[in-house]
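Single-letter residue listing:
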Amino acid sequence: MNEHNLDKRLRDVVGVRQPSAPASLHRFLRELPETQAARRRGPLGRMRSVSDRARSLIALPSIPRRAQVGFGVAMAIVIGFAGASALITLRQGSVGPAASQASLGPTPLQPPKRTLSTHVPPVRASFGLQMVISDGLPRVDSESMALPTSAVSYSKGYIGVTGSPYGANGMVHSTDGLYWDWSPPTEVDPKASIVTSIASDNLGTIVVGGGVQGADGTTDGRIWVDSDSCSPCWQETSNESVFNGVPVRLVVRSSWQFIAFGWNDATLSDAFRPMSEWRSVDGWTWTAVAAPIKGSSAVVVTTATGFVLSGTPITAGAADEPPIWYSVDGETWTRAKASDNTAQSMGPLVGATVTVKSHVYAVVASTGSSSRKLVASLDGGVTWKTVTPDGSLPNAASISHVASISSGTIEYVYATTEKVDGAPIFVSTNGGVTWQKFEDAQAGGPTGTMLLEFANGHQAGTSKFLSFGEPGSGLGIWLTQLY
Amino acid sequence: MVAAFALTDLRQMTFVDRAERVLDDAYRLAGYLLGDATEAEDAVQDALTRSWQAWATLRDQDKFEPWFDRILVNICRDRLRKRRRVRIVDLSDDLAFFIEDPFRAALAKNEVDRLMRVLNADQRVVVALRFWKDLSLQQIADLLGVPLGTVQSRLHYSLVALRDEAERTTTTTSFTEKVRR
Chain A
425 MNEHNLDKRL RDVVGVRQPS APASLHRFLR ELPETQAARR RGPLGRMRSV
475 SDRARSLIAL PSIPRRAQVG FGVAMAIVIG FAGASALITL RQGSVGPAAS
525 QASLGPTPLQ PPKRTLSTHV PPVRASFGLQ MVISDGLPRV DSESMALPTS
575 AVSYSKGYIG VTGSPYGANG MVHSTDGLYW DWSPPTEVDP KASIVTSIAS
625 DNLGTIVVGG GVQGADGTTD GRIWVDSDSC SPCWQETSNE SVFNGVPVRL
675 VVRSSWQFIA FGWNDATLSD AFRPMSEWRS VDGWTWTAVA APIKGSSAVV
725 VTTATGFVLS GTPITAGAAD EPPIWYSVDG ETWTRAKASD NTAQSMGPLV
775 GATVTVKSHV YAVVASTGSS SRKLVASLDG GVTWKTVTPD GSLPNAASIS
825 HVASISSGTI EYVYATTEKV DGAPIFVSTN GGVTWQKFED AQAGGPTGTM
875 LLEFANGHQA GTSKFLSFGE PGSGLGIWLT QLY
Chain B
12 MVAAFALTDL RQMTFVDRAE RVLDDAYRLA GYLLGDATEA EDAVQDALTR
62 SWQAWATLRD QDKFEPWFDR ILVNICRDRL RKRRRVRIVD LSDDLAFFIE
112 DPFRAALAKN EVDRLMRVLN ADQRVVVALR FWKDLSLQQI ADLLGVPLGT
162 VQSRLHYSLV ALRDEAERTT TTTSFTEKVR R
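These protein sequence lines map, in sequence, to chains A and B.
Number 712 in the numbering used here belongs to position 288 of the first sequence; there are no gaps in the numbering.
Number 45 in the numbering used here belongs to position 34 of the second sequence; there are no gaps in the numbering.
Just so you know, these hints were derived from the structure itself, not from any lab.
Example chain B residues on the side facing chain A (calculated, C-beta under 7 Å, incomplete): (1) ALA30; (2) VAL55; (3) ALA117; (4) ASN121; (5) PHE142; (6) TRP143; (7) LEU173; (8) ARG174.
In silico lysine-lysine, BS3-like type, Cα no more than 25 Å apart, as pairs: (9) B:LYS120 x A:LYS432; (10) B:LYS144 x A:LYS432; (11) A:LYS797 x A:LYS809; (12) B:LYS93 x B:LYS144; (13) A:LYS797 x A:LYS861; (14) A:LYS761 x A:LYS797.
In this text, a Cβ means the ideal position worked out from N, Cα and C, and glycines have one as well.
All chains should be modelled from the sequences, with the hints used to inform the complete structure.
And the structure:
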């Protein structure tokens, strides 16, 4: 038999129709991590897990076996020599290295090296929730980074806006929530001087608010729209004159329309500064409407029925009216009511989150005091009451941020409090009455002070959201989801 | 909802995703190496288990496929060696009417299965990787962690042995046919 015939016989084994892995094998693979995890329960299993985690932290590139053996032999020789020399030294009664070092004087204190990398491994999980840190913060240049202040999910991943006070203003993108890149505002428009906020209808239309440099040095408001056809490729909305020279600061989307707010830092003081508001159904055509608030801050969340807004009221409300409004269309605002004495000392909301049931949990600053409290509305922002934690939330008077995530009918509400060591994150599943500490599965998890913003595409009840940390804490962007 | 998120651990998801991509190829490689679908499935399951346990040590996840193939080949080679020590009573021929084994059928097509019996486990691995996974000699050397010369040598002796066996079988067959006539 010649070489060619044998070659052909061998190659003919692999036919045109190749067998595929059976379904049972795919099932085995999908269940494998769970099966293995089940084996790891108990003290020995936990030790193995810890050992594996440690190996993953210090995983070295694979070293050939010969090199390993060589290294082992070399180490044995070195240890042998060192042992022998120590024995001889002891017998001669000479002083050890510590004494000789002491004669040279104290070693100068070296400042610790600071690294900008945030790629600490990676998962921190408890209480049914999991946070995965991103692989480094979005880098602006070789020396600086930026953190998103708002972000949305879209068909290609996540897209966000970065800016003050957490680094340079610009846009960030990520396909998986873990790896991020940054680009300046000019990515959106060569004329853009600032981008401030981003919102999505979750159907392929994304809007970014911001502004362009005006002729007199001021910032004129703009909104850019990206339709899914070539996303992201931004186009300016056609009726830019509607913004009337006021920079757009905040854009939000309800189930059927966008609203935006803006104010001009260059005019008047905060107490007299008018708040501009615009609304649009399609993101392209915007109409100016009247906002019930003034100043330079607004907290807006969307519920199943519309919007909930909080800010400094233009006109004082009644005794039972907190500075909160709700609206179906973003144009006609109705003042909310408090069902207890919540409204008596209630300033504007400083942060809010909406659960899948349209329950709104919010942090509110008390007027005339630095203390904060948790308030909630279980009817989409119409009536509000104070939530009093039972003591399991330490220092509840310094609650700083809230966020939520839902699994079926379970609503997880996150909160962070300042002035608690390590500023940990707490989680509640009963409307904020009792809380559990989000345990550190590993060192280097996020601290409460870093939970600054949350983005889940402005869709209440989604299974994941992003949380953004403070650069100074050495942390970064966390993708949070159920597990 | 909870079940849907049972695998949301990123580490698990990455592993499952990577392994899913190579599963078909791995199953075929094991199948042609072992010549038996059931045994191939067992071998791939072993390889998946081992690779999941060692997943934390794989620093460059882009090299998952060669890493996984190496684990799988080692497992298959061990199984082939074990076959030599443990006599496996093969009953599956009787069941062939009921269960079609694609690998058994493919190897039997040109009586390659008969030829392969003359090869030892190392030689069989090299032949499988060269002809059925279509790897270059250098790729085989990298996968097995042996020098290129070793692969060349194993392949050479394998082909010589296969050719000898093929000729011997042909001669015997012709002789038998002559006798029958």
